[in-house]
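One-letter residues, chain by chain:
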Amino acid sequence: MPIGDLAPELGVLFTALAVLLLAMILPQRRHGWCAILAIAGLAVAAILAHAMAGETRLTFSGTFAIDGATAWARLLILGVTASCAALAPRWFTTDRRHGEFYAMLLLSALGAMAMAGAADLMQLVMGVLLSSVTGYVLAAYHRDWEISLEAGMKYFLMGALANGLLVIGAVLVTGMAGSTDYRQLSGSIPDDPLTLTGLVLIVTGLFFKLGAVPGHAWVPDVAEGAPVPAAAFLTVVPKIAGAVALYRLISLAPGVQTLSLLVALVAALTMTLGNLSALWQEDLRRLIGWSSVSQTGYALMAVAVAGRTPQALPALLAFMGVYAVANIVAFAAVAELRGRTARNDWAGLIRVRPGIVCALILAFLSFVGIPPLAGFLGKFALFTATLDAELGWLVVVAIANTALSLFYYLRIVGPGVFGVAPESGIATLGGMARGTLWTALALLLAASVTWRVLWSALPGTILP
Amino acid sequence: MLTFAVLVPLFAALLLAFVPVGHAAARAIATGAAALALLALVVTWIGGGEGFRAVAEVPWIPELGIAWRVGVDGMSLALALMSALLFAVTTAWPMEDLPDARAYYAWMAFLAGVSIGLFVTLDLIVFYVFFDLGLVGMYFLIGRWGHGEAQHAALKFFVYTLAGSLLILIGIIALALNMPELTFDMRAMIGSPPLAAAGMVPGLVFLAFVVGFGIKTPVFPVHTWLPPAHVNAPGPASALLAGVLLKMGAYGLIRIPLQMMPETFARWALPLAILGVVSILWGSVVAFAQDNLKRRIAYTSVNHMGYTVLGIAVAGSALGSETARELALTGAVVEMIAHGLITGALFLIAGAVWQRTQDYHLPNFGGLAGPAPRLAGVATLAAFASLGLPGLAGFVAELHIFVGAFGVYPWLAAIGLLGIVITAALFLGMLRQMFFGVTPPERAGFADLTGLELGLLAVLLALVVLIGLWPAWLLGLVDAGGILPLAGAEG
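In order, the protein sequences belong to chains A and B.
According to our numbering, the first sequence is numbered sequentially starting from 1.
According to our numbering, the second sequence is numbered sequentially starting from 1.
Chain A with its partners taken away, still in its complex shape (with noise of 0.2 Å):
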């Protein structure tokens, strides 16, 4: 077994195993040492990662495809997954659990890697339960907190239904087609109602990995309730995995065009919902969680053109890539305020913490797209590949909806730089949260500079 295909996944695994070990072992006011070694740990698969960035082949007897969406996929969970380790030292300082937390984060991080790479349907409904399970416990992991119960509750119904129905439509597809293998079923997917249900079925189960309709509504319910590390997680990592495993499951079926235009609907009524969601939150949690779900609809205008235009790949990573880099940034500047998060404490804080603040707006103008973010670059390329494919509609929703976005935004930045300060000092995180704040803002601000270098790496076909 070419068991070194696997080596950052496995590297994952064990860095969880050490990091339980440790917890067990360490005090609980020690527990910070887990996060470093669970960053430590993904620094060393990122470094395994990238060290096999070049490569294309399936592995594992087809059911693991190593190409560049793998690669790339790979490089951004573990980068994520270590940002939102490095939230969770100070977050979590009176947690009993605390050195369990990062275990579980890997885990999880794991189980979306598996997605990711996945060229096999069991491998892919693996991939998907693995992610899903550890996402329930990240969800409820302030036990004490009603909001945080009911988020992890929320997700774990909503995940078990839709986990259910991936794995109907897994065997639909298998005893349909006789294959479970990506190579085999590409390009002779059968052309019947039963295969076409398994499909959407499958299909279905991704929406709800990626937060998208209908699989959306655990998206805000997580945002506001889960621990903020947890939550920056869950927004982000399950969605950059559910991404390229559905562009590799659309890519199988370029002749059924039946699931082309379902992802386009889904793509276009997921980013309006998001939006209309989002417009009168005063939660600003749940506001970036509705924002997430319609982020994951100008995604899925990607997938939506797969196949038709050579940008559709590139366009999805990019998009996803430089969107986990601003939900970071938003995520850590709640996180650096300690959870700071109904809309009228916001109000003034510029004058306070003007740097914290100065991070938010540009995360959310990053969301926007207002040039030269690289938001901005992202939205371009995904609009360049849709209209290059001529599903100019898609785009008019998506511009809509962008004008939309903004005016949401603005309701936290408005108040926020215009209004009047706070009287009291304003407590903060510090430590790594810090550190993660200042370091993901300079990834976003440097990212628009250095977008040739970005852009030419990103692979133009995937596997199979």
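Some clues are possibly wrong.
[What the hints assert, rightly or not] Here are some of the chain B residues that sit facing chain A, going by a computed Cβ distance under 8 Å:
(1) Val55
(2) Val58
(3) Ile61
(4) Gly65
(5) Tyr128
(6) Asp132
(7) Gly143
(8) Ala163
(9) Leu169
(10) Ala174
(11) Leu319
(12) Val438
(13) Arg443
(14) Leu477
[Stated by the list, open to error] A partial selection of chain B residues facing chain A, derived with a Cβ cut-off under 8 Å:
(15) Phe11
(16) Leu14
(17) Val43
(18) Trp60
(19) Pro62
(20) Glu63
(21) Val129
(22) Phe140
(23) Val159
(24) Leu167
(25) Ile170
(26) Leu177
[What the hints assert, rightly or not] So the derived label-pair ranges between C-beta atoms look like this:
(27) A/Ala457 <-> B/Gly482: 37 to 45 Å
(28) A/Leu261 <-> B/Val211: 55 to 63 Å
(29) B/Phe18 <-> A/Leu21: 44 to 52 Å
(30) A/Trp280 <-> B/Gly476: 52 to 60 Å
(31) A/Ala442 <-> B/Pro363: 54 to 62 Å
(32) B/Pro363 <-> A/Ser424: 42 to 50 Å
Just so you know, these hints were derived from the structure itself, not from any lab.
This structure is a prediction, so every number in the text was calculated from the model and none was measured.
Ideal placement from N, C-alpha and C gives every residue a C-beta, glycine not left out.
Model the placement of chain B on the given structure of chain A, informed by the hints.
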């Protein structure tokens, strides 16, 4: 040299954002930056040349055909010069009791760099970048230093105009995708216009541009963001909004649809001309009905930009004689310059009135010619220029536009002339209400303009008079013939 003119104000903004300096120093830095940019542009102007000059190019994302490309022709150089001058004047404009002065001047300098950048760039994506950044800068200026419903006005302004700019982005991408090789170089697109065939797609792309730039210009019926933004913005920001930011819309309309899609433009010129005439009439009639000083001036902007749109539509109509179209385009560009100078001055005057009284309600004023003769003098001159009195800049512009329009769409031109009559009435009414009659008791201690304020206004108005009396230098600089030939060749 052009890159220098863009970067100096941007660096000044960065400097002001991070280095703690006092009010006076901040103002000096921002004004100095705008003045340096103006100087750089004047040097470019003296350098002379034909077509696009002072061209420079630095690659950004070559894979997508995007690069930092700068260069100016007569039209954009004239607009950039006007913008830089207006920025220098408005930044130098004294603002008393200004909270967060450093941030205010940082945003002013930022906006100066962005606006000049928009006019001098030759890359459509860089154009779009500056177009959007202008919105960001103006949003913070209105929201932070405005008065009344400032936040609401700023929000409406930002969302409304972002919707327009996104339409422009679609159009830009559609144009670039239809080039033989993916590029966003304006020169390449002007040289071989893409989407030349008739059909749905060019029509839709053209529509996207017209709506997008129409919102910014603004054209009836998408002008409704303008009055609240103007009324609630601080005086200098209003002057910039009217003087510089509105020009971005009209400039874009000439640069992109007219120059890059001449055939489609010609097919749709008549509806656009009708829109222009409706804006002329609507702007003037609604302005006539306003009791709020700033709202009245704001609606005259709709009216004046209507003249510009009419001129542009006539220029791209591919009907009538080439001379008529050239005249109309010259008029449109001169109208942009003249409107920038005149309305800039008018809004600064309105700002001065607000600083003294915190009031814009016209019936609350009267007889100010007595206590404030200087204010009365400059306001009268600016108002006369705005209503198109011969010998002042507005007249030159409107004469060109209407002479051109009579050669192409005589009926529309005749209807449009009504707008001039109404504008004259509304400005005369405004002057009468403010400066003549009985002074209300609460205006007893009204202070006249200070020497500095008068000096700054005098710079703007001197140019207005100069263009009015001796327009040849400006007409030569604009060189409408150099913009049109490609559009005219199809006629």
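The hints, checked one at a time:
1. A hinted interface residue such as B/Val55 counts as satisfied when its beta carbon comes closer than 8 Å to some beta carbon of chain A; here the least separation is about 21 Å, so the hint is violated.
2. Given the 8 Å rule on beta carbons, the hint for B/Val58 is violated: about 12 Å separates it from the nearest Cβ of chain A.
3. At a threshold of 8 Å, the smallest CB-CB gap from B/Ile61 to chain A is about 5 Å, leaving the interface hint in force.
4. A hinted interface residue such as B/Gly65 counts as satisfied when its beta carbon comes closer than 8 Å to some beta carbon of chain A; here the least separation is about 11 Å, so the hint is violated.
5. Below 8 Å, beta-carbon pairs count as interface contacts, and B/Tyr128 has one with chain A at about 6 Å; its hint therefore holds.
6. Annotation: interface hint on B/Asp132 holds; nearest CB of chain A at approximately 5 Å, less than 8 Å.
7. About 5 Å separates the beta-carbon of B/Gly143 from the nearest beta-carbon of chain A, less than 8 Å, and the hint is met.
8. A hinted interface residue such as B/Ala163 counts as satisfied when its beta carbon comes closer than 8 Å to some beta carbon of chain A; here the least separation is about 4 Å, so the hint holds.
9. Annotation: B/Leu169 was flagged as interfacial toward chain A, and the flag holds, the nearest CB pair being 7 Å apart, inside 8 Å.
10. Nearest Cβ of chain A to the Cβ of B/Ala174: about 6 Å, under the 8 Å cut. The hint holds.
11. Because the beta carbon of B/Leu319 sits about 30 Å from the nearest beta carbon in chain A, more than 8 Å, this interface hint is broken.
12. Look at B/Val438: its Cβ only gets to about 39 Å from chain A, farther than 8 Å, so that hint breaks.
13. Below 8 Å, beta-carbon pairs count as interface contacts, and B/Arg443 has none with chain A, the closest being about 31 Å; its hint is therefore violated.
14. A cut of 8 Å between beta carbons decides the hint on B/Leu477: the least distance to chain A is about 30 Å, and the hint is violated.
15. Of the supplied interface hints, the one on B/Phe11 is violated, with its beta-carbon coming no nearer than about 16 Å to a beta-carbon of chain A, more than 8 Å.
16. At about 13 Å, the closest approach between the beta carbon of B/Leu14 and any beta carbon in chain A exceeds 8 Å, and the interface hint on this residue is violated.
17. The interface hint given for B/Val43 is violated, since its Cβ lies 27 Å from the closest Cβ of chain A, which is over the 8 Å cut-off.
18. Here the hint on B/Trp60 is kept, as its CB sits about 7 Å from the closest CB of chain A, short of 8 Å.
19. Contact between B/Pro62 and chain A, as hinted, is supported at the beta carbon level, the nearest pair being about 7 Å apart and thus within 8 Å.
20. Interface hint at B/Glu63: satisfied, since its Cβ lies 6 Å from the closest Cβ of chain A, which is below the 8 Å cut-off.
21. Nearest Cβ of chain A to the Cβ of B/Val129: about 4 Å, under the 8 Å cut. The hint holds.
22. With a cut of 8 Å, the hint placing B/Phe140 at the interface with chain A holds, because the nearest CB-to-CB distance is about 7 Å.
23. This hint holds: B/Val159 has a C-beta 5 Å from the nearest C-beta of chain A, less than the 8 Å allowed.
24. A cut of 8 Å between beta carbons decides the hint on B/Leu167: the least distance to chain A is about 7 Å, and the hint holds.
25. Annotation: B/Ile170 was flagged as interfacial toward chain A, and the flag holds, the nearest CB pair being 6 Å apart, inside 8 Å.
26. The closest approach between the C-beta of B/Leu177 and any C-beta of chain A is roughly 6 Å, which is under the 8 Å cut-off, so the hint is satisfied.
27. Our hint of 37 to 45 Å for A/Ala457 and B/Gly482 holds, since their Cβ atoms are close to 42 Å apart.
28. Range check, A/Leu261 to B/Val211: about 28 Å between beta-carbon atoms, so the 55 to 63 Å window is missed.
29. With their beta carbons about 47 Å apart, B/Phe18 and A/Leu21 fall inside the hinted range of 44 to 52 Å.
30. Checked against the hint of 52 to 60 Å, the pair A/Trp280 and B/Gly476 passes, with Cβ atoms roughly 56 Å apart.
31. Judged by the Cβ atoms, the range 54 to 62 Å given for A/Ala442 and B/Pro363 holds: they are separated by roughly 56 Å.
32. At about 46 Å, the CB distance of B/Pro363 to A/Ser424 agrees with the hint of 42 to 50 Å.
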